[in-house]
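Hey, can you work out the whole structure from these sequences and the hints?
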Amino acid sequence: MVVVSGLGWVTLHAFGSVFRKLQGTFSDRKELVNQLVQHQVFHQPLPPLGRYDQVSRVTCYAVGLCLADASTIDNTDPAREIGIMGANETGCLQSNVDYFQDFVSSGRNLGRGNLFVYTLPSSPVAASSIYFGLTGPVFYLSFPQHRLAGLLRAAQHIVASGESEALVAVDASETQGIAFLLNRVGPKSHPSVEMNATRIIEQIEKHPIPDAFDGFLEAVTKLP
Amino acid sequence: MEIGGFFMSEVKVVAVHGEMVTAYGWGVDAAWQGLCRGQTAISDIQRFDTHALTTPFGGVIADLDPRKGSLIMQMIVPLLESCPVPIPHDAALFLATINGEIHHVERSVLDQTDDADRSRPDDLLHRIGDIARVEGPQAIVSAACTSSATAIAYGASQIRAGALPSALIVGCDQLSEFVLSGFSALMALDPERSKPFDVHRRGLSIGEGAGYLLIMDEARARKDGLPILGEVAGWGLAADANHMTGPDREGKGLAAAMTKALKSADISPTEVGSIAAHGSGTPYNDSMEMKAIKKVFGSHVIPAYSIKGGTGHTLGGAGLIEALVALKSMEEEHVPPTVNLTDIDPEAHGWVQNQCQQVDRNVTLSSNAGFGGINSALVLRRLNGR
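Protein sequences, first through last, are from chains A and B. Residue 224 in the working numbering is what sits at position 224 of the first sequence, and the numbering runs on without skipping anything. Position in the second sequence (first residue = 1) + 224 = the working numbering.
Hints in this document: simulated from the structure, not taken from any laboratory. All values derive from a computational prediction rather than experimental measurement. Do not rely on the hints blindly, as some may be mistaken.
Stated by the list, open to error - Each pair of labels, with its calculated beta carbon distance range: (1) B:523 with A:14: 52 to 60 Å; (2) B:292 with A:35: 18 to 26 Å; (3) A:46 with B:607: 26 to 34 Å; (4) A:199 with B:350: 29 to 37 Å; (5) A:160 with B:411: 52 to 60 Å; (6) B:234 with A:28: 52 to 60 Å.
Idealized CB from N, CA, C, for every residue including glycine.
As structure tokens, this is what we get:
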């Protein structure tokens, strides 16, 4: 059986995780990062968030909260393979526009490589894989319909088939993100710190994001 | 059944048809013949002004005309409309691309005559679904230069598990000012034509291309009397977790992907007859790729090659295009030369050549690596062969 053993989320002014029951609010990015460091979501050195595009930042916050939320899995074990899959509605549309505007404003002579790096839909999950040392499968997989449920079903399949020991499934836009850590039931498993992935997916189908993001979170946090 | 942690089943995933367009022209055969002659299809780019960029060269498809609308659709529509085998209505559709219809972004920024929002890949996916007339699940798969190999891996995994009956994988990307300027800014382009595995290699040549691969359960293919190009026997995905633009210098992530792919196919390295390498032509990629190959294959030296000196780097389409060439190589029982190769890098000596090499096994491994340290490997097997 595949279970969800970590669940973290972030919106424009709030963040949280389910099993550690972490909740907080913030007014700006600096305050958010300070709080995440205090809660040991981020360890020193901090990720190079200033270089990230906005979707990559939100992805990194959500993934950090998700990994810190999981207590059934040792995320720091280098031999433990964790992958990461991402999805969102618009891919890297804004980063594409930002890069090309910058290139055109240079007289179409020289763009900035550090903007171009984020013009791939997979850049946010790749950036998180680098910061958190995730060496499993890394890719963007977006279903136009039932996007988050589709992503989670795909992650559930990959973990169940043994193609990755564990996977972070993250749906992140420029304003909000939610991340789930999925792994197979292991010897350290305990019902109080994990949820059946199928049950989570059923909840998500009832509360599809982003329209009902808060409603979904409320439903999920009541699950355990 | 589990073997080495992998779920295995009796289901064999087979490719029943695939076709492509590259700078060599329409069809796998056009590319195959060009590659085997050792001729490059990389040429001077006329589509936009390259004077300020670090190279004027790219793998351009001559037939495409930006004045006629989407270059992506100019590639995909003729390919799918001439597919000689019926695409099952219940097939899933996985669209693998990095930038898709990026011309909408270019035009919206340059002269505000377009809407950047139209470049969203879900819009492209929907239109391709209509052309292919498929009603199964549809999704966009994007994993840098491994995008279409990752899509094949994901589709095959679903079929092996019995979750999908068949899947149509479409891979595509176009050569654009957007992409060429970006790689130019990163100083990743060879000022001349790309020469993978050459000691004097200096970077990529960007190409363009599209292709599709229809995969399904072997039993269904045989029941429906469909031809079988080969088996998608195994796959592996792994990340370096190292750097956004540079690969792990020791090739650890790519070696892990290759090892997983062999395990997934339940075969040993000695059963593999050839390697369709990513071979992008950048100094770091080709070096790390040889290290990865040697980690996995050790002293079992087998023919390896890259097609990117011929086609250019076809980005999100590369994995699929290279898989189609790899399937062709098993049919022809030799691999093509690595085009533009003059002075073989000592690291690649014995593996890569500038002439065709005979192969004596029915299994090939195709590898890809991309931005963000993303790696993939596919094991392809010729059925009914020697």
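Hint-by-hint comparison with the structure:
{"no.": "1", "hint": "B:523 with A:14: 52 to 60 Å", "in the structure": "57 Å, holds"}
{"no.": "2", "hint": "B:292 with A:35: 18 to 26 Å", "in the structure": "53 Å, violated"}
{"no.": "3", "hint": "A:46 with B:607: 26 to 34 Å", "in the structure": "52 Å, violated"}
{"no.": "4", "hint": "A:199 with B:350: 29 to 37 Å", "in the structure": "31 Å, holds"}
{"no.": "5", "hint": "A:160 with B:411: 52 to 60 Å", "in the structure": "43 Å, violated"}
{"no.": "6", "hint": "B:234 with A:28: 52 to 60 Å", "in the structure": "56 Å, holds"}
The structure does not agree with the numbered hints 2, 3, 5 stated previously, though it agrees with the rest.
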